[in-house]
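Enquirer: Since chain A is already given, all that's left is putting chain B on it; use the hints.
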Amino acid sequence: MAITLKVNGKDRSYAGDPDMPLLWYLRDEIGLPGTKFGCGKALCGACTVHLDGNAVRSCQTPMSAAEGFAVTTIEGLSESGDHPVQKAWREIGVAQCGYCQPGQIMQAAALLKTTPKPSDADIDSAMSGNICRCGTYDRIRAAIKRAASQEAGR
Amino acid sequence: MNAPLHPDDTAEVFVPSPELSRRMLLGGSAGLVLALSLPGAASAADEPKYGADSQPGGAKDDPRLFIELAPDGGITIICNRAEMGQGIRSSVAMIILDEMGADWNRLSIRQAEGDEATYGNQNTDGSRSIRHWLTPLRRCGAAMRMMLVQAASTRLGVPVAELEARDHKVVHARSGRSLSFGDLAVDAAKLSVPPRDIVRLKDASALTMVGKDRVFAHDGRAMTTGTATYGIDATMPGMLFAAVARPPVLGSKVASFDATAARAVAGVVDVIELPAPAGPPLFQPLGGIAVVAKNSWAAMKGRDALKIDWAASPHDSYDSRAYRDLSLANARKPGQPVRSEGDVDTALAKAKKRVVAEYYLPHIAHATMEPPAAVVRCDGESCEALACVQDPSGTRDTLAAMLKLEKARVVVRQTFLGGGFGRKSKPDFVVEAAMLSRAMKGTPIKIVWSREDDVRHDYYHTVAVQRLEAAMDGDLPTAWLHRVVSPSIISIFADGIDREQGLETGLGLLSMPFAIPNVRIETGEALAHTRIGWFRSVANIPHAFAIQCFAAELAEAAGQDPKDYLLRLLGPDRLIDPRTIKDANYGEDPALYPIDTGRLRRVVEVAGKGVGWNGKQPKGWGYGIACHRSFVSYTACAFAVSVTDGQLTIHKADIAIDCGAQINPDRIRAQMEGSVMMGLSLALSGEISFAKGAVQQGSFDDYPVLRIDAAPRKLDVHLVGGGLDTPPSGVGEPGVPPVAPALCNAIHAATGRRIRVLPIGDQLSGPVQKL
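Each protein sequence line maps, in turn, to chains A and B.
Residues in the first sequence are numbered consecutively from 290, following this note's numbering.
Residues in the second sequence are numbered consecutively from 2, following this note's numbering.
Pulled out of the complex, with its shape left as it was, chain A reads as follows (with noise of 0.2 Å):
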């Protein structure tokens, strides 16, 4: 039987293998590459998505389990691009590979979601799940605090 879901508001259907993480369906069935494979296992964070807004590691998400949710990625994010976070990210210059920021910035876009005003421990213990190799962590902290502070003057 087909799985259903939504993918950045598009309504999909499924019928392959439901074992498949969801990292794979997007990059790999319907070309959303924005999503990135790190380890497979949940560890690094660069396939990080929102499920229902939740932030997930889509590695570990098989496509039995996305029945029914409404995905988001980084290319869903925000339609021009232009999210506090991802706005921040460039304000900061987070980014320098940038291979992993897609999860970085999706991880952070939940953080301050449902914590608007994140202290530094709050970052520190939101953000631990996603690995930048490039040691981009001092600027991703200052780029949630201003995309934080904009948000909140908006």
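Because the hints were derived from the structure by calculation, they are not lab data.
On a predicted model such as this, the values are computed, not experimentally measured, just so you know.
We put the CB at the ideal spot given by N, CA and C, even for glycine.
Every clue listed holds true.
Among chain A residues calculated to face chain B with C-beta under 7 Å, some are:
1. G323
2. P391
3. G424
Computed list of chain B residues with no C-beta within reach of chain A, every gap over 12 Å:
4. R175
5. D204
6. K351
7. R603
8. T727
9. H749
Label pairs and their in silico Cβ distance ranges:
10. B:E557 x A:S408: 37 to 45 Å
11. A:Q439 x B:S206: 31 to 39 Å
12. B:T236 x A:K330: 23 to 31 Å
13. A:K295 x B:S206: 53 to 61 Å
14. A:E440 x B:P160: 49 to 57 Å
Expert: What follows is chain B alone, placed relative to chain A:
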């Protein structure tokens, strides 16, 4: 090289192309021996070549190669350096646009295809991009500006001297008239490029982007919206996906296999045996069994269902613990001297006090966040690759050689690299995909490496045991004996390499900068049992660790403050000619880039001041510092840390760099920030170990890397020097070497624990490891 995939292929001895051996050419004796067998290699009688001239392809300064100006005013820069996080695409564009007077907002960037005969050297490693390309790229921009001004002069009928190029137009201030760059594009393109001797570079004061400390990040939008294409994202129509089960031990190969279960996995299309490599590893794939499928998941699932018996390998007995013991024994015996001044043995024999310390650094893996990845279409005659490689031109040469194709029929297009750090300077994974595509009769193959594939089949950073001994007669050493036992990267290119070569000793070993009358540096025997490769800053990591930790140990022996003592060891400011210590100086002209101990002193002073060394140090905190010259840049790193119940807190980190001319200061800062994190990562938890020849780690659970919650609470980068009047030097790598020793020195200051064995691991809560 490889056993044939096709019956008409014949196995033959693989001759390394200049590409494969380029780094050997920078090295010393062993590198030279190998290099001499290569066509076109320099003979000893030739004038030495330095800088870009010493690199295959050299540098080019023809604006037509790198600048496309469209009639609508859009400007496209063709970038011939790999983007792997340094921000080099933006820096290259800044240099050209600033010389032209062009508008940053009209900018597009395209990667050059792999073709160094056309584009000049494209091998992005060795922290060379700005070092070798600053002046050629400035000349490109300046020549283009002169052509635009010439075109405007003709159109407006006014002398060139009355015109100025700025804000994407050529302005005639006297008449108030101007013509946009777009309006002039067609006319300018018809003009000949002015010869180099009349191209005038702008005065530094006229530059509006170069050297300005703000964010220039052309690719920021693509990287924050998921639209930047990395190797793993590249596609070709009709492509299939492949996952490979590779031999767990170097030198092993498939004895027998059963693919029944793999073939039964839904989506699996085919199972292919890859040939086992022959001879030295080079950039050959490792062989094994590939599962080709309709998507990545099916390929990986199919691969996991393979049953394979692996043949025995000469490296089956490689065991990291035993190797460490063997290396330690070798470090305690005389080695081969590579630098010798004065009479070390007499000074040591006569010394009132001798200080001895032994250090160990294990293998580490690059663990780029994007594992090796490529899409390749290859049939019997031609090949096209989309790949995250640091050297697209070298990859092209390698593909042509290993697949026996005409180079003209091989195309390599470079994607963004999701981290490189030296891993992606080896295109083994691209060759792997090409072999599979050819076996699939030209169906494009995307090769998918899992994290475990990456961690278990890397070209690892070397492993090193080092022994240092100093004679102390007063409070400064009178003799210094340093022995390094560490396998060489050259071992992947040639058999019988049994110790560090000139390639390695030129990485911060020979250039030990302290003012000590009697010095001997030796290399001890160390054979390689795995593929050794370049890891960001390479052998500078172990060398700086031992030298800078030992400097702090000597300070303790002398009862002095470690920072003040480090400055005393550096001695009076002086220039050391690298030729006098047989140091290859990173291929740079010793006259332009001498070893300047005054620049080292300054970065030490700046980092020390930044961390608050001479201020009031909070109770329980320990301060540590280290400095190092690498890639002809000067860096120092300092930490303030505390350890409570075995838990380390890094309160403050400061890193200072003097890299000569600063082009994109914000990206220099970013590289220093990242270097601190990478240095901390390897110091705290970086270890790849072998048992029965196989790597014991696999992913980020057993090969942990630094996470945000362990990052320094506060991190400051200090840029020292920086005018365009000083020659530019490396940025991508030089930040890494001083980090681990500075951290261990700080831990000693805080706890009295002297960490001599990396990684630190649980040595802050449990016992300190002794060699």
